[in-house]
Amino acid sequence: MLNIHLHPALVHFPIALLLVAAVAGLLYLHGRPREELRVLTWWPMLLGWIATAVAILTGLLDQRNLPPDAPFRPVLNWHIGTGLALFVVYGWILYQKWLFGGSKAQRRRVKAGVAEDELLDWPGARWWLTGLLLLGSLLVVASGWNGGRLVYEWAVNVARP
9 MLNIHLHPAL VHFPIALLLV AAVAGLLYLH GRPREELRVL TWWPMLLGWI ATAVAILTGL
69 LDQRNLPPDA PFRPVLNWHI GTGLALFVVY GWILYQKWLF GGSKAQRRRV KAGVAEDELL
129 DWPGARWWLT GLLLLGSLLV VASGWNGGRL VYEWAVNVAR P
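My numbering puts the first residue of the sequence shown at 9, with every later residue one more than the last.
What the hints contain is simulated information worked out from the structure, not anything from laboratory work. Don't take every hint at face value.
To be verified - Pairwise CB distance ranges, derived in the manner of DEER restraints: (1) N85 - W136: 24 to 30 Å; (2) Y103 - L68: 19 to 25 Å; (3) L69 - G156: 17 to 23 Å; (4) A93 - R72: 19 to 25 Å; (5) Y160 - G99: 26 to 32 Å; (6) A93 - D129: 24 to 30 Å.
Just so you know, even glycine gets a beta-carbon here, dropped at the ideal spot from N, CA and C.
Sequences are here, hints too, so could you generate the full structure?
Given below as structure tokens:
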């Protein structure tokens with residue numbers, strides 16, 4: 009049987025894309041709200057979220073043959089848990105952006121006299137977005153750290169000569 013592990017080849021994309029999105033979003037929220045930063049927040053976040061789904065799927069497939077009582081199982085469980093959590097956090101942010109940009113929400117804002125048409129510009133979202141972007145970044149780092157531990161400390165799914 010062919011023993012190909014796609015997860016290690018794919019995890020770098022969500023890590024890079026989600027961290028770029030978080031840094032750009034934080035700079036937009038607390039620095040200068042420039043158009044480039046807005047674009048660098050949403051597009052990498054969407055692509056990183058999709059890449060996270062692929063990384064989760066390939067990771068679950070790659071771990072299916074691992075022993076359930078292996079000594080590295082607690083690290084693996086943390087890795088899986090943080091991966092799923094970051095998928096939820098960034099998914100929630102994207103969902104809120106989608107809701108904010110919807111026609112119903114826009115009509116409500118116009119009726120209420122609210123000028124902002126971008127979630128990043130809405131003062132009511134500034135602090136919860138900041139918190140979620142920081143939390144998402146910490147989850148990306150924690151998941152990547154534990155993934156690295158699985159490979160470099162435990163040699164999980166590393167081919168042996």
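**Distance restraint evaluation - L69, G156, Cβ atoms, bounds 17 to 23 Å** = 20 Å, holds
**Request:** Determine whether the Cβ-Cβ distance between A93 and R72 falls within the hinted range of 19 to 25 Å.
**Result:** Check passed, 21 Å falls within 19 to 25 Å.
**Prompt:** Do the Cβ positions of Y160 and G99 conform to the proposed distance bound of 26 to 32 Å?
**Reply:** The hinted range 26 to 32 Å holds for Y160 and G99, with Cβ atoms some 29 Å apart.
**Asked** Does the Cβ pair A93, D129 satisfy 24 to 30 Å?
**Response** For D129 against A93, whose Cβ atoms are near 27 Å apart, the range 24 to 30 Å holds.
**Request:** Take the C-beta atom of N85 and the C-beta atom of W136, compute their distance, and say whether it sits inside 24 to 30 Å.
**Result:** 28 Å Cβ-Cβ, so the 24 to 30 Å window holds.
**Asked** Given a hinted range of 19 to 25 Å, is it respected by the beta-carbon distance of Y103 and L68?
**Response** For L68 against Y103, whose Cβ atoms are near 23 Å apart, the range 19 to 25 Å holds.
Violation of the numbered hints given earlier is absent; every hint is satisfied by the structure.
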